[in-house]
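**Student:** Add 132 to a position in the sequence shown, counting from 1, and you land on the number used in my numbering.
Bear in mind the hints are in silico, worked out from the structure with no lab data behind them.
There's no promise every hint is true.
Quick list of in silico lysine-lysine cross-link-like pairs, PhoX-like style, CA-CA up to 20 Å [stated by the list, open to error]:
no. : residue 1 : residue 2
1   : Lys-668   : Lys-655
2   : Lys-235   : Lys-186
3   : Lys-595   : Lys-548
4   : Lys-397   : Lys-375
5   : Lys-629   : Lys-515
6   : Lys-472   : Lys-439
What follows is a list of derived Cβ distance ranges for each label pair [claimed, not checked]:
no. : residue 1 : residue 2 : range
7   : Pro-573   : Glu-622   : 27 to 33 Å
8   : Ser-347   : Asp-294   : 43 to 49 Å
9   : Glu-622   : Ser-258   : 44 to 50 Å
10  : Glu-622   : Glu-653   : 31 to 37 Å
11  : Ala-618   : Ile-342   : 37 to 43 Å
12  : Pro-304   : Cys-520   : 28 to 34 Å
13  : Ser-384   : Arg-551   : 46 to 52 Å
14  : Cys-520   : Asp-318   : 49 to 55 Å
15  : Ser-384   : Pro-437   : 34 to 40 Å
16  : Gln-575   : Asn-381   : 53 to 59 Å
In this text, all values refer to a predicted model and were calculated from it rather than measured experimentally.
We treat Cβ as the ideally placed atom computed from N, Cα and C, and that holds for glycine.
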Amino acid sequence: SSGNWTSNFDANTVNTGFYHRGVSVIEADGLTDLGSDYSMYWTGTPYEYFHKYKPILDTNGLFVNWSQEPWKPELTAVTKPPLVDSFNVPGLYHLKEIGNPAKKMSFKVESGSFDTTQIFDYSTSSFIIGPIIKTGFNEDNIPVLIDNKMFLLSYWDNEWKDIIGEFVTNFPRSDYPLQKVDLNTDGYFELVWAKQNTLVLVDWSLDTPIFHQISFPDSITTTPLPVNNTLIVTTKDCIYTVKNFAIQNFISLQGSKCIAGYDDKIIVLGTDFLAALTLDNLDMFSEFTLPEPCGNIEPLIYTNPDKTIEMIFVMANSGNLYRIYQNRLELIFANHSKEKPGQLACSSLGDISPVLFFGIGNKQYALKADGTKLTHFPVIAPKAISPCETPFALKNGSAEILFYPLAENGYLAIDKMGRIVPEMCLSVNKDKKNDYLYYQPEQQILNWYYPDSTGKLFIHSKKNIDTNPILFAGYRNGASGCATFAFRDESISSTEKIAYIYPNPVRKPYYKLNLQNYFGETKLHLYDISGTLVKKMIIPESNNNPRDFELNTLGLSSGVYIMVLENNGSTKHLKFAVEK
């Protein structure tokens, strides 16, 4: 403190005896330094170079030969250190069978959890691919479009190959993702793409493709939607149905942003409305006014197998999530950040289904159907979500894995415990991935294929999967935007009504009310400490149990409040504090 430096070296002593050490220095390879005759030799660490065998060294520590003891012949997402990218995201590719150090070292590149990978080089990054279609000459075919040329990669003799060459299309590149539909119900899919006001349908029932073209008065505004051998097409002013390669019906409806469908129904999402139409004659049987701008995120439809439960989920551009159930529109999740939301997906996860999952910024969410957050979520990702790509879900053995798309990257794999599964993460080196999942039931093969940014098409395949592992197939669930799962929730043995408020005290503009065994509607009355009623409302019933219900502190000042809950003849009082 006086500014004069004083050495305390002479006043300190250290016992360096091997068995009575006052200080123990451990080197990175695990050998003690002080008092160890062998500390001069390097024995390797988990972070040592990767090679096939452990070396044999002489007494001077010099290399003699390679032993037969395996060392570190692979570098993967789960090795130490793991193989990750510059954002610390595990990758799809693994280095296996790494040879011993030499002027030329050998190694094998494997595609992670997949068995095989085929790569087709088209030498242009402008090509697009579509969903696998059935044609008159082969069961499974991947369409590839390059400028005015079309190719089909067919699954033939246990591999993907181009067996028919190119076809000239004379039609410009599609403005939207390619779709498939069987308009004439002959069992063969027509490939669908749209450019400005033109719809192109390619019939593959014969040896050569037949092109059908339909023109509309205005530009097509959404990706055409296949529903039950019918194609739904929207323009800025109208909704059309197409069947048997011709316009079947249309109605005037302005401002459509997204569409989805299930059974004999269509939903049309606009900036400030959602309309439900019949498929046959486009009669509007329901309409909702939305409280805030929507249309950036595709709507999602959920049904249980016997169609006794039908729900529509709409995420606003802000990231707030709304549910339409039993003809009632309700906010079930509020985004309190300024981050942009990603697309919405649906799956089962453990004991709970449906589970809604999506990302906002670098947070990966999973919710019950009523908006209750699953335990262990949200998960903080090493990188932000891609706002334009849709998540997907796969069954991996007995476990469900959720795949969240990352910006300018691949997919982050997360299990029901909220753990990132490094060996299941997938790599794609661009934001707009244009990727597809497809399961071949006869061959029991799962395929994941996509074009990269260098003009190559990658097809990854995993064999010996006896049941379809695809729980949610990405964009519109690979079809019309509907997902079907049995409705179930975690089992609760107790029948006692439990309710609590968290966090308590409340310091933010919002807080949560957790309810267990509260069935049907619940009446809520809120009183200040003097007994004055400051809020009353009805909490709508939910199929989920337990559940969370979000409330806000609007109109509340700092102080203590009493909440009274009435449900099926039972009354409960909760006390909490607000600090502003």
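**Student:** Now tell me, hint by hint, if it's right for this structure.
**Tutor:** Right, here's what the structure says about each hint:
This hinted pair checks out: Lys-668 and Lys-655 have alpha carbons roughly 8 Å apart, not beyond 20 Å. The hinted pair formed by Lys-235 and Lys-186 meets the criterion: a straight-line CA distance of about 18 Å does not exceed 20 Å. Between Lys-595 and Lys-548 the alpha-carbon distance is near 24 Å, which puts this suggested pair outside the 20 Å criterion. Proposed proximity of Lys-397 and Lys-375 is supported: the alpha carbons are some 16 Å apart, at most 20 Å.
For the hint pairing Lys-629 with Lys-515, the CA-to-CA distance comes to about 40 Å; that exceeds 20 Å, so the pair is violated. Restraint check: the Cα-Cα separation between Lys-472 and Lys-439 comes to about 33 Å, which exceeds 20 Å; the hinted pair is violated. Between Pro-573 and Glu-622, the C-beta spacing of about 31 Å keeps the proposed range 27 to 33 Å intact. Between Ser-347 and Asp-294 the C-beta distance comes to about 32 Å, which lies outside the given range of 43 to 49 Å.
Evaluation of the 44 to 50 Å hint for Glu-622 and Ser-258 yields a pass: the beta carbon distance comes to about 48 Å. For the pair Glu-622 and Glu-653, the beta carbons lie near 22 Å from each other, so the given range of 31 to 37 Å is not met. Distance hint for Ala-618 and Ile-342: a CB-CB separation of about 41 Å, consistent with the stated range 37 to 43 Å. For Pro-304 and Cys-520, the hinted distance range of 28 to 34 Å is not satisfied, since their beta carbons lie about 22 Å from each other.
With their beta carbons about 51 Å apart, Ser-384 and Arg-551 fall inside the hinted range of 46 to 52 Å. The supplied range of 49 to 55 Å is broken by Cys-520 and Asp-318, whose beta-carbon atoms lie about 34 Å from each other. Between Ser-384 and Pro-437 the C-beta distance comes to about 36 Å, which sits within the given range of 34 to 40 Å. For the pair Gln-575 and Asn-381, the supplied restraint of 53 to 59 Å is violated, since their beta-carbon distance comes to about 40 Å.
Hint compliance for this structure: hints 3, 5, 6, 8, 10, 12, 14 and 16 are not met, and every other hint is.
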